[in-house]
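Colleague: Just need the whole structure built from these sequences, with the hints factored in.
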Amino acid sequence: RAFENELGVQPPTGFWDPAGYCTEGDAYDFFRRRVVEIKHGRISMLACIGYIVPEYFRFPGFLSPSSAIKFSELPTGLAAITKVPALGWFQTVIFLGNMELFACYQDPKKQPGQNSTRLVIGYTQVKIGGISGWEYGPFGVPNAPSIEDPELRKKKLNAEIANGRLAMVAIIGMFFQDGLTG
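In my numbering, each residue carries its 1-based index in the sequence shown increased by 7.
Note that these hints are calculated values from the structure, not bench results.
Just so you know, even glycine gets a beta-carbon here, dropped at the ideal spot from N, CA and C.
Among the clues, some could well be false.
Here are the computed lysine-lysine pairs in the DSS-like style, where the Cα-Cα straight-line distance is at most 30 Å [said to hold, decoys possible]:
#, residue 1, residue 2
1, 90, 163
2, 46, 161
3, 90, 46
4, 117, 161
5, 46, 117
6, 77, 90
7, 116, 77
8, 163, 116
9, 77, 162
10, 46, 116
11, 162, 116
12, 117, 162
13, 117, 163
Distance windows between CB atoms, simulated [as the list claims (entries may be wrong)]:
#, residue 1, residue 2, range
14, 38, 73, 42 to 50 Å
15, 23, 185, 24 to 32 Å
16, 81, 106, 21 to 29 Å
Modeller: See the structure below:
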């Protein structure tokens, strides 16, 4: 296999490609899939936290003051989807679209998951002062120093990939459990 020395190759699975997408050895396709794997892993880790925390803690105040919906009145899990007003979902989609297009840009010249920011006007990327071109360091802190020791960095990145894979499976399991039992 062409990618058996890449990050994410670790016991007990070794090179983890259950669907066989990387058998061709195309570097661009592998890069794109690794970027997607890291992004979905990070989203899934946040989703697992976001799925569990409302069981124990709720923000005070209103989700929608105009509709008089309090955070404490929302059900947990999948049942909350239908209780959020359409304008709230619209705001969420706009926010996530902006994150996808501008704030968490994956530069093809950088390692997968090493995101930066960008400002796009029309079809042109514009560099501006302290806003565009930030590099995200540990915990998403802009321009934070990275891990310098190569072995420690590899260990941490492998842990992120493994935890992301686990979180992707875990959040789907939580959805199924919630859908079956309510």
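Colleague: All hints, please: hold or fail.
Modeller: Cross-check of the supplied hints:
1. 90 / 163: violated (39 Å)
2. 46 / 161: At roughly 18 Å apart (the allowed maximum being 30 Å), residue 161 and residue 46 satisfy the hint.
3. 90 / 46: Given that 30 Å is the threshold and the Cα spacing comes to 28 Å, the pair holds.
4. 117 / 161: Satisfied, since the Cα-Cα distance of roughly 16 Å is no more than 30 Å.
5. 46 / 117: holds (14 Å)
6. 77 / 90: This hinted pair holds, its Cα atoms lying about 11 Å apart.
7. 116 / 77: violated (45 Å)
8. 163 / 116: holds (21 Å)
9. 77 / 162: violated (43 Å)
10. 46 / 116: holds (17 Å)
11. 162 / 116: holds (22 Å)
12. 117 / 162: Given pair residue 117, residue 162 holds - Cα atoms ~19 Å apart, limit 30 Å.
13. 117 / 163: Answer holds: residue 117 to residue 163 is near 17 Å, not above 30 Å.
14. 38 / 73: 42 to 50 Å: Holds, since residue 38 and residue 73 (Cβ atoms, about 45 Å apart) stay within the stated range.
15. 23 / 185: 24 to 32 Å: Holds - the Cβ-Cβ distance for residue 23 and residue 185, about 27 Å, lies within 24 to 32 Å.
16. 81 / 106: 21 to 29 Å: holds (23 Å)
Comparing the model with each earlier hint shows violations of hints 1, 7, 9; every other hint is respected.
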